[in-house]
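2 protein chains.
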Amino acid sequence: MIHNFNAGPSILPKEVFDEAAKAILNFRDTGLSILEIGHRTALFQSVLDEAVLLAKELMKLDGDHEVLFLHGGATTQFFQMPMNLLNENQTAAYLDCGTWGTKAIKEARVFGNVDVVASSKDKNYTYIPKGYVIPADAAYFHYTTNNTIEGTEMYSIPETNIPLIADMSSDILSYETDYNRFALIYAGAQKNIGAAGVNMVVLRKDILGKVDRKLPGMMDYRKHIEAGSMLNTPPVFAIYVCLLTLRWLKKIGGVGAIEKINRAKADLLYKTLDEKEGFQPTVAKEDRSRMNVVFLINEPELEKKFLEACREQQMIGVKGHRSVGGYRVSLYNALPLESVKALSELIYQL
Amino acid sequence: MIHNFNAGPSILPKEVFDEAAKAILNFRDTGLSILEIGHRTALFQSVLDEAVLLAKELMKLDGDHEVLFLHGGATTQFFQMPMNLLNENQTAAYLDCGTWGTKAIKEARVFGNVDVVASSKDKNYTYIPKGYVIPADAAYFHYTTNNTIEGTEMYSIPETNIPLIADMSSDILSYETDYNRFALIYAGAQKNIGAAGVNMVVLRKDILGKVDRKLPGMMDYRKHIEAGSMLNTPPVFAIYVCLLTLRWLKKIGGVGAIEKINRAKADLLYKTLDEKEGFQPTVAKEDRSRMNVVFLINEPELEKKFLEACREQQMIGVKGHRSVGGYRVSLYNALPLESVKALSELIYQL
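Residue numbers (the numbering used here), protein chains in the order written: chain A, 5 to 354; chain B, 5 to 354.
No lab work stands behind these hints: they were computed from the structure.
Check before you lean on any hint, since a few could be wrong.
Since the list can't tell identical chains apart, any single copy or any two copies may satisfy a pair.
With a straight-line Cα cutoff of 25 Å, these simulated SDA-like cross-link-like pairs (lysine to any residue) come out [unchecked claim]:
id, residue 1, residue 2
1, K18, R44
2, K26, L350
3, K345, G35
4, K218, N117
5, K289, G257
6, K18, D33
7, K60, I138
8, K275, E349
9, K134, K214
10, K18, L47
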């Protein structure tokens, strides 16, 4: 058995792979591949509709939120979002707590002013800043709920009356939270939603239509809402993989059920790393991510043994992001507890 | 046997479906699904590299052209391209010869001025305008080589010294032409390149870096070139399907070989439609598309019989685009000559 700790694109449930492969050969007994069906057919419409409904159900969204499946990944949202929400003379508030947040800040500055309310750059983003004030007159407040690269996560939702916006690419649907408190959430699919090539955006319509600039059609959220995520040819197969993954999540009991498993996985791994000499998690205890566990190995000899053992036991994707080094083990929804148990044993036995 | 005349997403070679399904279960004997491998692995890098090389080879591109695989479909290029190439005070020249060209014009106007040098709107875009003059001082000249919805196609490349830009979404790689004469070509993959969810952009670097506006990172072609189409997580699986489709095209003899087959398919179908009473191609003879054959059926009784026969003989995707009505039969690269023979027989026998 391969244990896939990839940070994304990452492991998906086996039944998703099986169903996806089947659909490529013969989609719903039509004799056609899902890759050759028209996107404006009832067949595909039912895929999209069910994916939207499941996302709403799993996130327990109220009637005010729209769910879109868009092209371009979260990196496109870094600029599409301020393009839609931030006037040139306005200021948006951002929390700077990792590589992706930094990129989001840079893109927002193309369209307006950015007030960085707090940053954890001083300690290489190994903690989540606290005690900052969100200005009441900012256009919106943006933060990253989980920092994939640095391994920090922010479970509590900041208190503010301005629109809350979150990049949830790497922890969406992994724990229960009040998704309704957000004006806009975006997430690249390739961790907990599905495969690479599509991006989920959850938003409240009332925040739209307030900027002065002319928007290209493809960048205008209102047009995507109107067209039901079919303003142009959508990434059909990627959306189908989202549907399969969301179905799986519902089947195993939804977000509450997966949260329990995710907690068990993270608890076991952090316990192991804290106990085992030579292993050192890099993140402040209270801010540790349950999705991406980042650590160092202090002795070169131990490091060599660890990597060898990983190779032998088919544990892949444990190397840290090229920008921070060390090790990173990702524990997304689809990663079974067994994989973490195997890794924990491997570490204890070194 | 199902005959798939879909306009896109559309038929792909059977071996592409087989290989794609296999890769979802076990990619290159790694024991991993292609949906769960990291995009920054040697495995995926080899997919992307080979796809780029094959595209260059099949299009016979010289060393000046870069090939990118981007998110967002051709509709994103409608605005990304002028965003990169057209200053606010500049004018770009556009040929208005169909629905998609009209959309491209609208998006360009968000960024600068547009001079529509000619239009065939007067006759519902059923012909390609001729004898127009391309202004020598325009920033670039843009046209659509094949009009998917209206069924016209433009094989000859206009003479001009300004940068030539083409939307080739629906006829790229279907006939031999001098791709090197274009400064920029873009094409949604879901017809002749692969599956929906990725977009190929072929461009010359020297046209870039000349606009004054600040570009969001994801919209800056230079950044995508620098990052080798990996500025963010690429649509991994969609690019893999492109690779498989390009490999197939090379294997059967390349663009010259497929052009012969495409000519045979289109010739047979147009001949049938011209000869059969009650059937009426809508496009001027000299401008007929080899990719999308648009026609009307003049008698309601014949229309009913045609649709019934199509159902019986599993011919799908023959209905015209919702915006123009009538019928449309798409003959993309992967559609076998046998399907056109079967359709031709069906029509003659009505």
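To see whether the hints hold, each was checked on the structure:
Taking the closest pair of Cα atoms, K18 and R44 come within 25 Å of each other only across two copies (22 Å); inside a single copy the shortest separation is 29 Å, beyond that limit. Proximity of K26 to L350 under the C-alpha cut-off of 25 Å is found in neither arrangement, the shortest distances being 35 Å within a copy and 31 Å between copies. Taking CA atoms no more than 25 Å apart as the test, K345 paired with G35 passes between copies only; the shortest distance there is 21 Å, against 42 Å inside one copy. When the C-alpha separation of K218 and N117 is checked against a cutoff of 25 Å, the pair qualifies both within a copy, at 18 Å, and between copies, at 14 Å.
In this assembly of identical chains, K289 and G257 lie within 25 Å of each other by CA distance neither inside one copy nor across copies; the values are 29 Å within and 60 Å between. Taking the closest pair of Cα atoms, K18 and D33 come within 25 Å of each other both inside a single copy (21 Å) and across two copies (16 Å). Taking the shortest alpha-carbon separations for K60 and I138, neither the intra-copy value of 28 Å nor the inter-copy value of 51 Å comes in at or below 25 Å. Taking the closest pair of Cα atoms, K275 and E349 come within 25 Å of each other only inside a single copy of the chain (12 Å); across copies the shortest separation is 72 Å, beyond that limit.
For the identical chains of this complex, K134 and K214 are neighbours neither inside a copy (31 Å) nor across copies (43 Å), given an alpha-carbon limit of 25 Å. Within a single copy, K18 and L47 get their C-alpha atoms as close as 24 Å, and across copies as close as 21 Å, so both meet the 25 Å cut-off.
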